[in-house]
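Novice: Sequence:
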Amino acid sequence: MANTETKQLYNGEVEITFYPDSHRYKLAGERSYLTSVTAITGIIDKSRVLIPWAVGLTGAFLRKYLEEATANNFTKEELYSVIDEALVQHTVKKEAAADIGSQTHDLAQKIGEALRDNQPIEDIPEDTPEEVKTGVFAFVNWVVDHNVKFLECERMVYSRKHKFVGITDAIIELNGKKYLIDYKTSKGVYNEMKYQLAGYTIAYEEETGEKLDGQMIIHFNKETGECKVHEISKKDNNLNKKTFLHLVAVKSREKELSK
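Quick note: the sequence shown uses this note's numbering, first residue 1073, plus one each step.
Calculated directly from the structure, the hints in this document are not laboratory data. Virtual Cβ for every residue (Gly too), placed ideally from N, Cα, C. Among the hints, erroneous ones may be present.
Lysine-lysine pairs mimicking DSS-like chemistry, simulated, CA-CA at most 25 angstroms apart [as the list claims (entries may be wrong)]:
(1) Lys-1283 / Lys-1079
(2) Lys-1283 / Lys-1250
(3) Lys-1314 / Lys-1235
(4) Lys-1323 / Lys-1098
Computed spacing ranges between beta-carbons, pair by pair [what the hints assert, rightly or not]:
(5) Glu-1185 / Tyr-1082: 36 to 42 angstroms
(6) Asp-1093 / Lys-1314: 31 to 37 angstroms
(7) Arg-1096 / Thr-1147: 34 to 40 angstroms
(8) Glu-1185 / Glu-1139: 45 to 51 angstroms
Put together the whole structure using the sequences plus the hints.
Specialist: As structure tokens, then:
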């Protein structure tokens, strides 16, 4: 049987089933899956960032091999083997980063849940990678120094008006203001992430009828482990909301054309 989680939204008027294994959502009584926030922002072309990164990894691998080689002459077979290894370095790097990112995200989530429930924070396992420890310790320090209160964790949001769904990492209170936050484990903070927060905000405010005071990206650098808090300005969030709704329209039209 498929692993599922069912949530009641809009005071029980809406029931959504979440399938964690495939990261899909289904509205009660509907056969087709709902469109998620990440699927909507996923239509943005990210290849212009990824291609130079992948090429750079390939070049770095080849240069390192040549610098460390003890011989000046290579057979074709040796070079073919090295080139094959060089060409998969982007996959190797992504898999390692994904593991670090997953561990960091899980620990941040557990910390938020413990604080929400007024429970002690569990010790981080000794075998945790240093990059993960660095980010998580910085995150805890920020939470403690700013007396951050966790109101909700892994909050599912759904827009009945625009028919999209998603899960934001937390709703917090900071200095008497309410913020929607999302943990991101990546090399940088990209525009797509800001549009995602705008989508979550649209759905949250639609359901609750209240206006959030702001949005934050808690960014964990997947290479250094450094943790930084990026607050979205009110002006930028309003613009991001408009942009996200344009992306909703594009995604909807893409689905229509693919039928």
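Novice: May I ask you to test the hint 45 to 51 angstroms on the CB atoms belonging to Glu-1185 and Glu-1139?
Specialist: Because 47 angstroms falls inside the window, the suggested range holds.
Novice: Are the Cα atoms of Lys-1283 and Lys-1079 separated by 25 angstroms or less?
Specialist: Since the Cα atoms of Lys-1283 and Lys-1079 sit roughly 22 angstroms apart, the hinted pair holds (cutoff 25 angstroms).
Novice: CB of Asp-1093 to CB of Lys-1314, is that within 31 to 37 angstroms?
Specialist: holds (34 angstroms)
Novice: Given the range 36 to 42 angstroms, decide if the beta-carbon distance of Glu-1185 to Tyr-1082 lies inside it.
Specialist: violated (24 angstroms)
Novice: Need the status of pair Lys-1314, Lys-1235: alpha-carbon distance at most 25 angstroms?
Specialist: Roughly 16 angstroms between the alpha carbons, so the hint for Lys-1314 and Lys-1235 holds.
Novice: Does Lys-1250 lie within 25 angstroms of Lys-1283 when you go C-alpha to C-alpha?
Specialist: holds (9 angstroms)
Novice: Starting from the hint 34 to 40 angstroms, judge whether the C-beta atoms of Arg-1096 and Thr-1147 obey it.
Specialist: violated (50 angstroms)
Novice: When you check the alpha-carbon spacing of Lys-1323 and Lys-1098, does it fall within 25 angstroms?
Specialist: Cα-Cα ~17 angstroms, so holds.
Checked against the numbered hints given earlier, the structure breaks hints 5 and 7 and satisfies all the rest.
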